[in-house]
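Residue numbers (our numbering), protein chains in the order written: chain S, 6 to 410; chain Z, -9 to 240; chain H, 1239 to 1645.
One should not assume that every hint holds.
Pairs of lysine-lysine residues, derived as BS3-like cross-links and limited to a Cα-Cα distance of at most 30 angstroms, are as follows [to be verified]:
hint : chain 1 : residue 1 : chain 2 : residue 2
1    : Z       : Lys147    : S       : Lys160
2    : S       : Lys186    : Z       : Lys156
3    : S       : Lys186    : Z       : Lys127
4    : H       : Lys1533   : H       : Lys1302
5    : H       : Lys1534   : Z       : Lys94
6    : H       : Lys1394   : S       : Lys243
7    : S       : Lys160    : H       : Lys1350
8    : H       : Lys1302   : Z       : Lys207
9    : S       : Lys230    : S       : Lys207
10   : H       : Lys1493   : S       : Lys135
11   : Z       : Lys237    : S       : Lys162
12   : Z       : Lys170    : S       : Lys164
13   : Z       : Lys71     : S       : Lys186
14   : H       : Lys1302   : S       : Lys186
15   : S       : Lys162    : Z       : Lys170
16   : S       : Lys397    : H       : Lys1534
17   : S       : Lys162    : S       : Lys144
18   : H       : Lys1302   : S       : Lys397
19   : S       : Lys164    : Z       : Lys147
Label-pair ranges, simulated between beta-carbon atoms [claimed, not checked]:
hint : chain 1 : residue 1 : chain 2 : residue 2 : range
20   : Z       : Trp44     : S       : Thr347    : 57 to 65 angstroms
21   : H       : Leu1258   : S       : Gly276    : 39 to 47 angstroms
22   : S       : Ile138    : H       : Leu1258   : 22 to 30 angstroms
No lab work stands behind these hints: they were computed from the structure. Virtual Cβ for every residue (Gly too), placed ideally from N, Cα, C.
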Amino acid sequence: MLIQIAWRNVWRNKTRSLVIIVAVILGLWGGIFSDAFMQGMAKQQIYSGIHTETGHIQLNDPGFLLNHDMQMHIDHADSITSSIKKMPEVKAVSSVIQLTAMASTATSSAGIMVNAIDTVDQAQVSDVSKLLIEGDYFKDDHNNLAVIGQQLADKLKLKLHSRIVLTLQTMTGDIIYGAFKVEGIYRTHNSDFDQQMLYIRKNDLLSLTGFPVGSASIITVLLNKDSDTKNVADVLTKQFSTLEVQRWEQLSPMQQVLSSTMTQMTIIFVGIILIALAFGIINTMLMAVMDRTREIGMLLSIGMQPSKVFGMIVMETVFLSLTGAIMGVLISISTIYWFGKTGINLSMIAEGANAMGYSSIVYPTLSADFYLELAMMVIVIAVIAGLFPARKAIRLKPADAVRGD
Amino acid sequence: MKKLLFIPLLSIFFSYSTTNAQTDATDIVRKANELMTGRSSESTSSMTVVRPAWTRNVEMKTWSLGNDYYMVQITAPAQDKGQVFLKRFNEMWNWIPTISRIIKIPPSMMGQNWMGSDFTNNDLVKANSIVDDYTHKILGNETLEGYDCFKIELTPKPDAAVVWEKIITWIAKDKYFMLKSEFYDEDGELVLMETQSDIRHFDDRDIPAKVVMTPVKETGKQTILEFKQLKFNMSLNADFFSQQNMKNLR
Amino acid sequence: MKQLSILAWRNLWRNRRRTLITLGSVLMAVVLAIAIRSLQKGVYSNMIGNAVRFSTGYIQVHAKGYWDDQTISNSFMANADVEKSILQDQNISSYVPRLESFALASSGPHTKAVGVVGIDAMKEDKMNGLSGKIVQGKYFIEPRDQGILIGDGLAKYLQLNLGDTIVLLGQGYHGSTAAGQYPIQGIFHYPLDQLNNNMVFLSLPDAQLLFSAQGRLTSISIMLNQPNKITSTKNILQNNLDSTYEVMEWPVMNKALVQEIQGDNAGGIIMLAILYVVVAFGVFGTILMMTMERKKEFAVMIAIGMRRFKLTFIVVLETIFIGWMGIASGSLLILPVLIYFHQHPLLLTGAAAEAYQKFGIEPIMPASLDPSIFLYQGIIVLCIAIVSAFYPLWYINRFPVAETLKD
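Chain S with its partners taken away, still in its complex shape:
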């Protein structure tokens, strides 16, 4: 009975109800979408860190990272690589020989890090192969090709097919020179990385330096799921006790600072948006009740119990917010789905963000339980927001109310 009256009341004044429903929809959408956006942004930063720089897990000789000493290499890296590849959680594995070197051209020189790679394996582990702004990624069969970052290219004034001379150390400590040709130029979101990291084929380096065949400096592991990182790292630590096994968080601590800041900011921002939503709903509801003073006064004066009036108004609020919540969730799902596909290009909003490369595109994403949680929260807020006006309504003196303002 009460439910029916409430339901009818909702549709009696369509404009008013619509305003409230839209307020709920927008509030819910704002909460969900901003959360999804922030998560997308955090995820994307972590993703680009993992997929261009570190991988999920790295293995190396315990002393290696101190000075990239080539003597501290992983023996039998090839067999280790193929055994890690067999683990079900593992998506790809690549072994890299990493050496400090000097790159020179006719006009200048720079200290760099040479990464000698198996081109196919490395392309599966790192997205650098997809981030080329010019040229190709080891497509040509020629010897001594190099793929370099844009920052280094600018610094040394290198162009595609330019000649670059690398000064390296051999295993016996002699200095050796190698001439390479720039085959591709990449750009990641990290300009320091682009200045440091130069890629060449493993075979070219082996013949120059006499680095033992089958060995490597670093083994990079990419997993199917981020969440497996710790488990797999633990397994690898046990299995290869002579090696240092590090997770991506350990390899790039700055990343962790960024993503944890992001999480905290998300909580605060979503909180602020929820406050905004609550206020929007309370305001519209208050207006609605004022609008209905006469009507409520009438109901009270013809003898309707105040508790019933209270219940009716709360019920109305529940209907309104339920409708709004359902539609809000639907709209949120579809906008997140849409932007999750197309991405939001931040470079259009902030000038200079396009300098970050592909990572300026954010793909909003949210797990299902978040929808539910937020929807519940919004309904609770809406109902609480509805209680204020309802309380206000039953406190009206029927006589005054009927007389109007």
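On the provided structure of chain S, position chains Z and H as indicated by the hints.
Just chains Z and H, lined up with the frame of chain S:
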């Protein structure tokens, strides 16, 4: 076949075949290179580094054996006196008497200027490459400073670890003085110019006593090397170029 | 005009409750927009402040040409004039003179290229708390301390302990040889491997002696009291110094940080936009309801002969009044809150706090009091309010008077 046009202008040393013409160009460069080094050599020289805001003079003694052994002792200024640089093949060490240490120069420091000059450590270590790392081609004849010169183009061999796109050098006929060399980058722009002048008689031969390096694109910079004494083909052997001997040089 | 304004003003207070509700929605909009932006900006300035503290400072004075060619030969003579110009400026909170170059660090068979920084121990410690990073041994006590401070990564690589001797070899001023040996007096640890593995500190006089650069500096890094006045401080300083000096702002020197913040800020702007959508509808909703409620009132006004355009004008004025009052009261309301959170910043917790502390950054989220925040957010909210007033305008100009009166 254009190449052949130049050949008749050259003397009887050159045959009419292209391969031979190339070999002969290589021969000229080799001879020019050998003129300056000999089998072994010992020299006293001074180096002046000219910068827009300052100049600096370094005096030194140098010993060399072929292209693979090289030792430099700094004799002035007082501050750097007694320092020794040793090169054996591709490696380089530095003895610093003030702290009594020998330090091996790592690859990452090879691009550093040597003693603040326009030479890098690399230039010293890799001095031999103009013969072996390039293919040589005679472009023609030109007269320079009163000498009849071959104008020769040096193009790096495909796998040679050389930064230049090409070098054009003027070598005096018969005398083999490398009077002028121009170093070009990949855009075909002139980056570095080396001139040799002031022909003097040292020991058994005439050679240019003054070498000037000019980084063309940087105004006001120059490095001038002047030989004061020079002896060739003395009895030096590889043992002389040892870390032990760095400390004992007088 | 004046009459209409008075009429509009009176209208507002005729139905106080209604006005207060609308005012409340505008107030809340401005409060939230300012709060969110202030927090965003506060976090960035905290990040910037901490980042520049260890590197370039907010602004840096160096010899002209040094930035493009960072060699010791592009250093400058430290003189009293420069220091005087710096001390004169009220906005400058601290400054550190440095002589920076690089050298080979060597011990036995191990050799590594490192950055060498000659520092004024007291000033450096005041600016970035370097002494707190020492994990073994001790920080420089006297200005002429003879020892060297090295990172624990470098110590490990060179297999050196406290008290051992490290040899530095490099190139000094005007191409002279720089060679020296120093006892390790302290070992520091930063969470960034780059610093741990590649950096050593000497006292300024020692570094000057090593590089034959007596009395010379490569840079003076400066911290500011009010970082938002950076450009004017820089200009004043540049004017006071002659043209052999160059004064640079951190964004020119630290492009990576600028990029990072711009990227992050783009995300912040999206969040802000979402907030605007939500609050804009809050404002619009209340104004819409208000209009509906006043349907009869409007009809009566028009029926007794008020021109529709005059009525429109009054409603616009009412909205502007409400907008202004909302913004003014909102700003006043949030200001003490921001001042509080500026002085007692929100603390980060958990993993984030740990990560911050590892980097020597205070784990806080301070509020920014940058006046431009109030200005911009005020303007935006006012725009929202005015746009929201379009509905009543449109409504006034089309609704049928007779029918409404009959209702």
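Unsatisfied constraints (hint numbers, rising):
Hints 4, 5, 11, 13, 14, 18, 21, 22 not satisfied by this model.
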